[in-house]
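Q: For reference, the chains in residue letters:
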Amino acid sequence: MLIGSPNCGKTLLFNRLTGLRHKVANFPGITVELASGPMSGLSGTTLVDYPGSYSLQPLSRDESVAVDEFKRGLRDPEVSHVICVVDVTRMEKSLYLTLQVIRLARRSGKRVIVAANMIDVLDAHGIELDFEGLSRELDAPVIPISARTGIGIERLLAQLREAPPADGSAVDSVGDIEISADLLVQQAAHGLARRYGPRSDVLVRSQHRLDAFFLHTWFGGLAFFAIMYLLFQSIFTGAAPAMGAVESGIAALADWVVPHLPAGVAADFTSDALFSGVGAFLVFVPQIFVLTLVVGLLEDSGYMARAALICHRPLRVFGLTGKSFIPMLSGVACAIPGVYAARAIDSPRKRRLTYMAIPLMPCSARLPVYALLIAAFIPATTAMSGLVGLQGLAMFLVYFLGLMLGLIVAGLAARRDRDPAPDVPFVLEMPPYRMPALVPLLRQSLHRCRHFVAKAGGVILGVTVVVWVLGYFPNGGADLQSSWLAAIGRTIEPIFTPLGLDWRYGVAILTSFLAREVFVGTLGTIFGIEFAEENMVPLVERIHASGLEAASGFALLAFFSMALMCVSTLVILARESGSWKLPLKMFFAYGAAGYLGAIAIYQLLSLDIF
Amino acid sequence: MDMQVPAGGADVKPEIALWHLGKNCRAVIIGFDGAMPLEYSSRLSEMGFHIGESVTCLLRPGFGCPRVYRVSNTVYSLDEDLAAHIRVAADA
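For the protein sequence lines, the chains are A and B, in the order given.
Take 2 as the starting number for the first sequence in my numbering and just add one per residue.
Take 15 as the starting number for the second sequence in my numbering and just add one per residue.
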């Protein structure tokens, strides 16, 4: 069993010991669920990672669940050892939990090993600590390690191999103290930290210099906006070369493969459904990679906690807390980790409001739709050597719109909230700044892309096949307008006419209720059939050729900004909020708001004054 | 206001709320006022804000943002709802 205080590097150690790649980031509250995996250095041994906790005295429902699970684990006869991770740079906050864990584990007959993590940080500053003395005081082995660099991991494994499980009769070295927020335990932790913790304030001084800038009343706010702007600008500018390469690669592959196939159904299916449909979606994967990488860089650097602090006051206006910022920004990559990250919000009321805001964040599933429509209607003009691009600016505005929508919805819901319970105040540990570890971040971004392609790709392929069959038959792709798909599409067309959309876009919207990104694949397939005589052409050009008005394009942007079209998010919301009431309300309310908002935008932009 | 102070903790130094501690000023925590629920004072104690501990105000960002405090080698940000209920005495 692996336990430790929040942001002590516990999950990084878990990943190192198991070879797994669970999400790590440089702010407290990342691990919200139990995770387990076989230890790579000890065959037949499973390691269980518990969410970080300041003590075994739970304050919230989630903390209670984690602590109860830990206590249940201690009663499990299969469990032999507890690895308690201590952040040696900030020893005091870890030692209180450590003392509680040692006492409880001994009573249960489990051996405790203290992993004194982040020794590399002390080494970098030339700070040496007396781990042997600490080990004597705790009556437990203390192994200095660095989960980040791997220092001491072999020693930790050797200790696990050698040390037999405790017999449950060990003498309690911390006195006869019950597991409680007892002053004596705190004093013991305090005393140990004073004696064995780093005395120098060099670790805090470098952090303070950066905080003085990033949390400055004026510069801090400007830096925040600059960082957010660069994040969204990079989605276009950073990913553009890779997107071009993927697009060219798919076109070249299609040009090579299709002529080798027998003319007819097989060649048409490969060209229209596979290359035009699925290919149109794959073009946007580099943008998802860049988005995940940049969000990961922010998370790993320690900046997220500062952003939470800067946002706290403005978010309070909307009934939220600064801690809502982290799940909301995580929701920009994907709503699901965002919903999980909301567990770090102590206040149940603010957590519920954050749940309502997260699905309005422009997630990576919306990204292909936004990127397609922006590329179709906003010119690719750039200035300042490409640093400022009109399309990137449009993307920033779309994301800002999503954020504002989330805030407005949360604000309106907060005003209607009649919960009499007092609110939980804001306290947030400010993690030290760290240079982001690029290789794990690149790996994490690749993993995210693979997951995205695997998850959405299956749905897109399935929908593409169905759409292609319906669009190709009964006339063998000769005329899309007389296909089965057109017949179905025309029955739903009246719903989309007020948005200036014809049945082709109606069908694409309908299929996107399975997953938003299916919209792109469906359009690719439909236009692939319609323009079958042409070679592979970027989807943007086909949208132009379809006669879609700019007003309809912006109406589509508005619809996709608001509608909650993700089954997985609804399921996770139901699980986290404890019922289907909230997600179902959100599904219908956001859908209706998206539809009515899109009509309003289309009608407004269609006025003669524009 | 009710105070949770240590036994024998009578202190002649002027006490203020942590929220009002000046930038770069250091103080000693002498208690939590009665308006703070026990579970919050317990959690703060677990985090290092326990009675007798030195605390330094590192930053006071404007516009009512949470302020940044250092206890031991750990840095926390606390908003007014919390910091206004932590009583401190100026550290000599």
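Among the clues, some could well be false.
Here chain A is said to cover these stretches of chain B; the calculated rule only asks that three of the stretch's residues, wherever they fall, bring their Cβ under 8 Å from a Cβ of chain A [to be verified]: (1) 50-56; (2) 78-89; (3) 92-104.
Okay, the calculated beta carbon distance ranges per label pair [unchecked claim]: (4) A:P59 - B:C39: 31 to 37 Å; (5) B:D47 - A:Q188: 39 to 45 Å; (6) B:D47 - A:L608: 33 to 39 Å; (7) B:D47 - A:L223: 33 to 39 Å; (8) A:R108 - B:C39: 39 to 45 Å; (9) B:C39 - A:S65: 36 to 42 Å.
Listing some non-contacts, in silico: residues in chain A with all C-beta distances to chain B over 12 Å [stated by the list, open to error]: (10) L57; (11) V89; (12) D202; (13) V205; (14) W219; (15) S235; (16) A306; (17) R417; (18) M431; (19) V460; (20) V572.
No wet-lab data here; the hints were simulated from the structure.
All figures in this text were calculated on a predicted structure; none of them were measured in a lab.
Cβ atoms here follow ideal geometry from the backbone N, Cα and C, with glycine treated the same way.
Q: Confirm or reject each hint.
A: Tested hints:
Coverage of the segment 50-56 of chain B by chain A holds [criterion: at least 3 residues with CB-CB distance below 8 Å; count 4]. Restraint check on the segment 78-89 of chain B versus chain A: 10 residues with Cβ-Cβ distances below 8 Å, three needed, restraint holds. Figure legend: the segment 92-104 of chain B, annotated as covered by chain A; annotation consistent (4 residues with Cβ-Cβ distances under 8 Å, at least 3 required). Checked against the given bound of 31 to 37 Å, the beta carbons of P59 of chain A and C39 of chain B, roughly 34 Å apart, stay inside it.
Between D47 of chain B and Q188 of chain A the C-beta distance comes to about 22 Å, which lies outside the given range of 39 to 45 Å. A C-beta distance of roughly 59 Å is found between D47 of chain B and L608 of chain A, which places it outside the suggested range of 33 to 39 Å. The hinted window of 33 to 39 Å between D47 of chain B and L223 of chain A holds, with their beta carbons roughly 37 Å apart. Distance hint for R108 of chain A and C39 of chain B: a CB-CB separation of about 44 Å, consistent with the stated range 39 to 45 Å.
The hinted window of 36 to 42 Å between C39 of chain B and S65 of chain A holds, with their beta carbons roughly 38 Å apart. Its beta-carbon lying about 10 Å from the closest one in chain B, L57 of chain A breaks the requirement of being farther than 12 Å from that chain. A Cβ of chain B approaches the Cβ of V89 of chain A within 12 Å, the least distance being about 10 Å, so the stated non-interface status is violated. Not every CB of chain B lies more than 12 Å from the CB of D202 of chain A, the least distance being 7 Å, so the non-interface label is violated.
Listed as a non-interface residue, V205 of chain A fails to keep its Cβ farther than 12 Å from every Cβ of chain B; the least gap is roughly 6 Å. With a minimum CB-CB distance of about 8 Å to chain B, W219 of chain A fails to clear the 12 Å threshold, and the non-interface call is violated. No beta-carbon of chain B is positioned within 12 Å of the beta-carbon of S235 of chain A; the least distance is around 27 Å. Non-interface status of A306 of chain A relative to chain B is broken: a Cβ of that chain comes within 12 Å, the nearest being about 8 Å off.
For R417 of chain A, the requirement that its beta carbon stay farther than 12 Å from each beta carbon of chain B is met, with the minimum near 22 Å. Against chain B, the non-interface label of M431 of chain A is violated: not every CB pair exceeds 12 Å, the least being about 4 Å. Consistency note on V460 of chain A: stated as away from chain B, and its beta-carbon is indeed over 12 Å from all of that chain's, at 42 Å minimum. Remark: the non-interface label on V572 of chain A is consistent with the geometry, its nearest Cβ contact in chain B lying 32 Å away (cut-off 12 Å).
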